[in-house]
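For the record, the sequence lines run as chains A and B. Following full-length UniProt numbering, the numbering of the first sequence begins with 1 at its first residue and continues without gaps. Following full-length UniProt numbering, the numbering of the second sequence begins with 1 at its first residue and continues without gaps.
Calculated from the structure, these hints are not laboratory results. Careful: at least some of the hints might be erroneous.
[Said to hold, decoys possible] Subject to a maximum C-alpha distance of 20 Å in a straight line, what follows is the list of computed EDC-like cross-link-like pairs (lysine to aspartate or glutamate):
#1 B:K281 <-> A:D259
#2 A:K146 <-> B:E317
#3 A:K146 <-> B:D38
#4 B:K278 <-> A:D215
#5 B:K281 <-> A:D336
[As the list claims (entries may be wrong)] With the Cβ distance kept under 10 Å, some of the chain B side facing chain A (calculated, not the full set):
#6 P138
#7 V139
#8 A142
#9 H249
#10 S251
#11 W263
#12 Y271
#13 S282
#14 T286
#15 V334
#16 A336
[As the list claims (entries may be wrong)] What follows is a list of derived Cβ distance ranges for each label pair:
#17 B:P169 <-> A:Q290: 31 to 39 Å
#18 A:Q290 <-> B:M297: 18 to 26 Å
#19 B:E266 <-> A:A203: 24 to 32 Å
#20 B:T137 <-> A:E195: 26 to 34 Å
#21 A:P77 <-> B:E186: 55 to 63 Å
#22 B:G84 <-> A:E23: 50 to 58 Å
By construction, the Cβ of each residue, glycine as well, lies at the ideal position given by its N, Cα and C atoms.
Residues per chain, in single letters:
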Amino acid sequence: MEAGTPWVEKYRPRRLAEIAQQEDVVRTLTVLLSAHSTDSGQGYASSLPHLLFYGPPGTGKTSTALALCRELFGEQPQLWRTRVLELNASDERGIQVVREKIKRFAKASVEQAGAARVAAFKVVILDEADNVTADAQTALRRTIEKYSRTTRFILIGNYVSRIIPPLASRCAKFRFRPLSADGMKGQLRRVAERERLGDLDEAVLDVLVRVSGGDLRRAVMALQSCQCSAAGDAEAVTPAAAMEAACLVPPPVLQQFLDACWAPVSPTAATTDQATRDDDQQTLFPLLLQGYPADALLQQTFEALVLGSAALDDGQRAAIAIHLAETDKCLADGADETLQLLAFTQCVQQIAAAESAP
Amino acid sequence: MEVPDASGKAPLISPSSPLSGTADTLWLEKYRPQRLDDLVSHREIIATLRRMLANGTLPHLLFYGPPGTGKTSTILACAREMYGEHVPSMVLELNASDERGIDVVREQIKTFASTRCIFAAGPSVKLIVLDEADAMTPVAQAALRRVMEKYTANARFCIVCNYANKIIPAIQSRCMRFRFAPLCTEDMVPRLRQIADAERVQVTDDGMQALTQLSGGDMRRCIHVMQSTSLAAPDHRVTAAAVYTNTGHPSPQDLHAIVEALWRRELGDAYRCVAELKSDKSLALTDIVTGVHDTLMRTDLPVSAKAFLYEELANLEWRLASATSETIQMGALVGAFRLAASLVPDAPEENGGGAGRSRQRQRLAWMLQRGMSSGTRISS
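Could you build the full structure based on these sequences and the hints that come with them?
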């Protein structure tokens, strides 16, 4: 594999046995693969049902699906082209695609590959299937049923409840558990070792695990960008660098923003008020110019103000939490970051002032 | 079968394999009511239909109601009673998976409706079933108007849809309307038991309760969930726990624990508690929110707190509908509960606030509800 490959791809588990921490899933799949393959003469892995993988991001769902396909079809690229169709959220997946692309693929008959350990069917991997509209899922229902002799479907999603029941009931379900912190650290150490990063600092690992929230993909990604910016200097891989790499707002900048939220407001003196507002502008604009994403900022503000702050009481933090959620919604709808963040700081100031008033 | 098996070998999956997904292994198709007598609910509708069938005075029909309440099954059973073996030649069934633009109305439907069956032993009118008709474009529906009137002598239409208001008024007024309400538990349970017995699946009482509760009167969903749970459960026993695990919905116990934590615990604590449960069971926040809403209705919290919470939960659900961050939105869930708790004078509080404090809180909540936009509110 060439040097420029992202580590996420480079260290993606290639065999089922390499999948970390999902022992139940791997065991069941291995059993399904081996069953019927010898005695009944029905062809390799013929008893494999349609599958539904669900669980939080970065826990190995897509990797498992791809590893499974590798077990089914081996490594030949031309076989992969004809046998595996992978669709994720980046592809168009409306009802039209289900009616045409998936159906056309599913319909085609399977030619014999000759080799004994090659499954005689095709696989459609539908990544992020819980984002497919209910209409399209309904249309998929018939396709899955009709072509199940030649095509197996692997549906992947975060939440099983977002898959419509008629579809879910046609699949064997596998739940992917969130990775434990220790398990993630182990995987990160393994990657670091193979990349000759030396011994990673425990603090760096802690940061990586914390920022990724159980998402191994994100952690590995952050580790790589860490290493890139460190340019081979093992000393430069510090917790701060790890935070930077994970696209988080560094603590000093965050503190600046929080200070802007805290600036006391005196409602009687209009001039002071004006001054505070100007201060806010000054704090915010460099922040935005530095290009820190507003959603990361909100996330960290949430952790700092709502979960961590000792200076605020329960009710204040509750009110701030709701405001954060509203700001988040506005940003998701495409509102302007500067205006939203400014409005948010004002709200926090008011909440703080309202409570501390006699 | 349009897919020739390339190898000419035996089918890849034996039909008996439970997950092969062919129609005969789906309980839903296997146990679909065949005759009008098989339908377990909506007795008034069926009695009315029977009378009209007996008199031969069947009008155009409009069936509407939520999914899984037996609309399609009813009309298909009707068709079978009317035509017996002649169903294929007398009934045209079109659903959402078929193209149903204006062309289809103009050609396929018109051709079918305009021809008359001359050697029919039974009723000579044909039946056209337009399933999921609310997905038809208004233009196509408009084109249908005249067709319906003109060929009344030859054919009857049955329009099946979820929302009657998506059918244009001109068509509604040409049909006799029947509303299919969600099925009640008493009607569902005997039928589910019957299926379970036939499939030799053991369904516990709490499992049955979970099934009916989760489905909300949707029989189709109920049967689907029962089938997939019985396949997934290790000993093929359908228990309440298995049902909730299988569908990924929070169980009543989980929801109770969540509401309890939200109401009683300090903000950070409550947040961690809910977050842990959520990641542990892979629950979606939307399901938690709707579940909490249901649970809330059954608790005896003070009305003022409930009123506040209902509004906040509704807002939360709306925010979750677009791509928002689950952590932050979950924070809002916890926050809403903390504020609601502080609205109640004797609500549990860590630092035991007095009356003045709770007035402050009330104002805080009030401010929150009004959007916190102008600076005029802070007049203290």
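What are the numbers of the hints the structure violates, in ascending order?
1, 2, 3, 5, 6, 7, 8, 10, 11, 17, 18, 20
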